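Colleague: One letter stands for each residue in the lines below.
There are 2 protein chains.
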Amino acid sequence: MKRSLGAKTLIYPTPTWIVGSYDKQGRPNGMTAAWAGICCSDPPCVAVSLRKATYSYGSLINRQAFTISVPSQDQVKLADYFGLVTGRDTEKFAATRLTPVRSDLVDAPYVAEFPLVLECKVLHILELGLHTQFVGEILDVKADEEVLDEAGMPDILKVLPIVFSPGNRLYYGVGASLGHAFAVGKEI
Amino acid sequence: MKRSLGAKTLIYPTPTWIVGSYDKQGRPNGMTAAWAGICCSDPPCVAVSLRKATYSYGSLINRQAFTISVPSQDQVKLADYFGLVTGRDTEKFAATRLTPVRSDLVDAPYVAEFPLVLECKVLHILELGLHTQFVGEILDVKADEEVLDEAGMPDILKVLPIVFSPGNRLYYGVGASLGHAFAVGKEI
Chain Z
1 MKRSLGAKTL IYPTPTWIVG SYDKQGRPNG MTAAWAGICC SDPPCVAVSL RKATYSYGSL
61 INRQAFTISV PSQDQVKLAD YFGLVTGRDT EKFAATRLTP VRSDLVDAPY VAEFPLVLEC
121 KVLHILELGL HTQFVGEILD VKADEEVLDE AGMPDILKVL PIVFSPGNRL YYGVGASLGH
181 AFAVGKEI
Chain W
1 MKRSLGAKTL IYPTPTWIVG SYDKQGRPNG MTAAWAGICC SDPPCVAVSL RKATYSYGSL
61 INRQAFTISV PSQDQVKLAD YFGLVTGRDT EKFAATRLTP VRSDLVDAPY VAEFPLVLEC
121 KVLHILELGL HTQFVGEILD VKADEEVLDE AGMPDILKVL PIVFSPGNRL YYGVGASLGH
181 AFAVGKEI
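These protein sequence lines map, in sequence, to chains Z and W. Mapping the first sequence onto my numbering, position 2 (from 1) lands on 2, and the numbers just tick up by one. Mapping the second sequence onto my numbering, position 108 (from 1) lands on 108, and the numbers just tick up by one.
Note that these hints are calculated values from the structure, not bench results. Everything numeric in this text was worked out from a predicted model, so none of it was measured. Treat the hints with care, as some may be off.
[Said to hold, decoys possible] Calculated cross-link-like contacts (lysine-lysine; reagent style DSS-like; alpha-carbon spacing at most 27 Å):
no.	chain 1	residue 1	chain 2	residue 2
1	Z	K121	W	K2
2	Z	K158	W	K158
3	Z	K186	W	K2
4	W	K52	W	K8
Using the sequences and the hints, build the whole thing.
Modeller: Structure (structure tokens):
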């Protein structure tokens, strides 16, 4: 028997990603986002939702571009910091001593020290209520050499991304492999 | 130095959720989805993307409703099965011996045996390309008593949701806590 918990944004897993953008003065900024996910395979797209009140919102509107930088679990304090302060009055890259790298594909910066990044141009903007969803076409994925496997693809156990848990608002790591998709279900 | 991997849907974590719906004959169906995420806090909304070719696509269009059932890691084979076969010619609930429960809030069924479920009515439909994104308003979250903590909220380490890794297409569990959001970053 299930207990009703009400109308809440309560589901797992949700991601912990840093959305990178340039403000009107060209200063690099980033903000932590968990209301996000892949939304299309072709063209490859990722969606991220921002409140209008955020400083990044105006930057994405103006620049029509953003990056997503995926922090590793040992960077959890840095990742959280990007959600604690606003870029209106804080230069977050300077405060964290992280390095903003200008994308050569879109008008937005990514975090050099985070192992996996996506460079995106805005394709759609959807007003939903408190949040506005930005759908970005993924123009490139870039990864540190150290997180690649023998086939040259990222290994999630080397990237070690952070899982956000809504409700109790805790961060978690990724655990052990549970098997291959499109395969383990054949035993049913 | 980062290596360019091309325009791919390659990022972590992505979820492993079962989208539940009724077909034209009223038969319960479900499909595995990873291109999904929370997209608004108020109204609480979740987005899930389906290819038009899926059998579920027509059901969501017709019923304007869906559920999301979150499988636990020991249910990974069942979760994968829902992505291996089509509801056009297979009654997946019967094949898995899982129980479809009719939502009393929306015109869609959820999986009784999965620990956490969301009941959603379709608010927006966005054509993106290969995938169509359905934004659903979350009308209720329901959870098994066994996965609730002392405060009556779900505990992710009791739900034990499945993380999907695009690229190598492997499933993973959730690991240890990395600390509190909106808190650990204050040390920066």
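Colleague: Of the numbered hints stated previously, which ones are contradicted by the structure, given in increasing order?
Modeller: As far as the earlier hints go, only 3 is violated by this structure.
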